[in-house]
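The listed protein sequences correspond, in order, to chains A and B. Numbered per this note's numbering, the first sequence spans residues 1 to 232. Numbered per this note's numbering, the second sequence spans residues 1 to 247.
Treat each hint with caution, since some may be false.
[Said to hold, decoys possible] Short derived list, chain B residues pointing at chain A, Cβ under 7 Å: (1) A6; (2) I10; (3) Q11; (4) L22; (5) G23; (6) W27; (7) V30; (8) M33; (9) I34; (10) R37; (11) L150; (12) W152; (13) T235; (14) I237.
[To be verified] Pair by pair, the computed Cβ-Cβ distance ranges are: (15) B:Q43 x A:D59: 52 to 62 Å; (16) A:A138 x B:T56: 56 to 66 Å; (17) B:Q54 x A:T196: 12 to 22 Å; (18) B:L45 x A:V99: 43 to 53 Å; (19) A:L38 x B:T56: 28 to 38 Å; (20) A:P75 x B:E47: 26 to 36 Å; (21) B:I3 x A:V99: 41 to 51 Å; (22) A:D59 x B:A70: 28 to 38 Å; (23) B:F69 x A:D59: 49 to 59 Å; (24) B:D53 x A:A191: 48 to 58 Å.
The set of hints was computed from the structure by calculation and includes no laboratory data. Bear in mind the structure is a predicted one, so any value in this text is a computation, not a measurement. Even glycine gets a Cβ: it sits at the ideal position worked out from N, Cα and C.
Next come the chains, spelled out residue by residue.
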Amino acid sequence: MTSPLTSVALFHLGPVPITTGVVVAWVIMAVLVIGSILVTRHLSLIPSASQAVFELIVDTVDGQIRDTMRVEPGPYRSFIGTLFVFIFVSNWSSLVPGVEPPTAHLETDAALALIVFVAVIWFGIRAGGVRGYLATFAFPNPVMIPLNFIESLTRTFSLLVRLFGNVMSGVFVIGIVLSLAGLLVPIPLMALDLLTGAVQAYIFAVLAMVFIAGTVSEGQPAPDTSKQRTPP
Amino acid sequence: MTIDWATVAIQTVNVLILIWLLGRFFWRPVAAMIEQRRVTAQQGLAEAAAKRDQATAALAEIERTRAGFAQERDAILAAAHDAAEQARATRMEAAEKEAAALEAAAKAAMAREKVEADKAWADRASRLAVDIAGRLAVRLDGPAVRGIFLDWLLDAIRALPEPARQAVTADGVTLEAISATELDPADQDRYRTLIGEAFGAHPPITFTVNPALIAGLELHGPHFALSNSWQADLTRILAELSHDNRL
């Protein structure tokens, strides 16, 4: 068993090493994209059972965005939904024998956290402009600028560490148990790992929504509603 | 523990591409379908609401029409009631007139029947009286009565015009003298003589008996008759009474 803390390069594209996490991510991407194309190829007003399931997923994501961000879900649906689906499928890819979830590697989680960090900036600037976005650091007063700046970094780091720690620990524990007692014993832990993976996907998506919503709402020109500061 | 920044970059690009692809092939189409269904459902609801409003309006119109029907029905019933009342009054009046006419006719018929009955009873009483008188007159058939009737017969012959008396006795006509009882030959000769003297001639006379005469002496010829008896008198009286009763 290889350490989950290290990434094994399967091959190199020039100077760039292609690790197993990247390959699994590509497979997951291919599955998701091809599946999406197949699902949305025959959409109709009278939905089939599968279409109803996928519409339920979209509607649930929209509902979460509305409940969490208090905005219409259109501009954020693809970003939040894809984050959730990718992390969810990545976490559950450990069900496939011999496959390590991409999220069990630090690089994938770092990429996801980096994307959320950039997305917060992007959506903040789009909602209130550069000045409005920068003004969010001075909320509730300019004294808070250093703290808010540090918070924006630390909460991104916390995203990274939370997801990596939970998924990696699950894989690590299951690997240890498998090496000790390979028959039946790891099953409860695998089930717990699945639950953890689903919860972590949900938490990551919700926190991304909370970060974006905080920036967007604080960057609005007439912030009449009560402000919510999110924990790092 | 190290971090491979190249892998971070690759995974970042991967996730960004995945966000774009899923947005292109999954989130937007499915969301668009949901939105399309929502719009369609809203349109259906709007159309249903419009049709419901139309149905409500149609129902109200039907209610108004039904109310009109009810009013028209009441008017028709009232008109029919009036017509029936008028017809009943007309028929009642006609029936009263008919009843009055029938009553009048019945009264007239009863009056006629009463008159007829009165006449019948009067006629019957007349016949009874004549019958009684005839029965009483039977007891009066004696020589005195026969003498009186002979005198009355002779007076009647004498009262005849002369040409009539001559016509009766002309050409040897035989006269028939009828009496209620048998006359003995002496009386027959005496009667024959007296009658001949009254006529101024002496035609042959035969004597016959007819008890129906009650009492009296009648003289008949081929073209001549002198009624002179209680029967003739009673018949004449009965005829007169009957005539009086019919007036």
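Could you check if Q11 (chain B) really has its C-beta closer than 7 Å to a C-beta on chain A?
Holds. Min distance 4 Å.
Interface hint for W27 (chain B), Cβ within 7 Å of any Cβ on chain A
5 Å, holds
Cβ separation of Q54 (chain B) and T196 (chain A), checked against the hinted range 12 to 22 Å
58 Å, violated
So, as I understand it, the hint says I34 (chain B) touches chain A; can you test that by seeing if any CB pair is closer than 7 Å?
Nearest chain A Cβ about 6 Å off; hint holds.
Proposed interface contact between R37 (chain B) and chain A, which counts if any beta carbon pair is under 7 Å
5 Å, holds
Can you tell me whether the CB distance of L38 (chain A) to T56 (chain B) sits inside 28 to 38 Å?
For T56 (chain B) against L38 (chain A), whose Cβ atoms are near 47 Å apart, the range 28 to 38 Å is violated.
Are A138 (chain A) and T56 (chain B) spaced within 56 to 66 Å by their CB atoms?
59 Å, holds
Taking the CB of Q43 (chain B) and the CB of D59 (chain A), does the distance hold inside 52 to 62 Å?
Given about 20 Å between the Cβ atoms, the range is violated.
Using the Cβ atoms, figure out if D59 (chain A) sits within 28 to 38 Å of A70 (chain B).
53 Å, violated
Interface hint check: T235 (chain B), Cβ to nearest Cβ on chain A, cutoff 7 Å. Holds or violated?
Where the cut-off is 7 Å and the nearest Cβ of chain A is about 128 Å from T235 (chain B), the hint is violated.
Does the closest beta carbon of chain A sit nearer than 7 Å to the beta carbon of V30 (chain B)?
At 5 Å from the nearest chain A Cβ, V30 (chain B) passes the 7 Å test, so the hint holds.
Status of the hint placing W152 (chain B) at chain A (closest C-beta pair under 7 Å):
142 Å, violated
Checked against the numbered hints above, the structure violates hints 11, 12, 13, 14, 15, 17, 19, 21 and 22; every other hint is satisfied.
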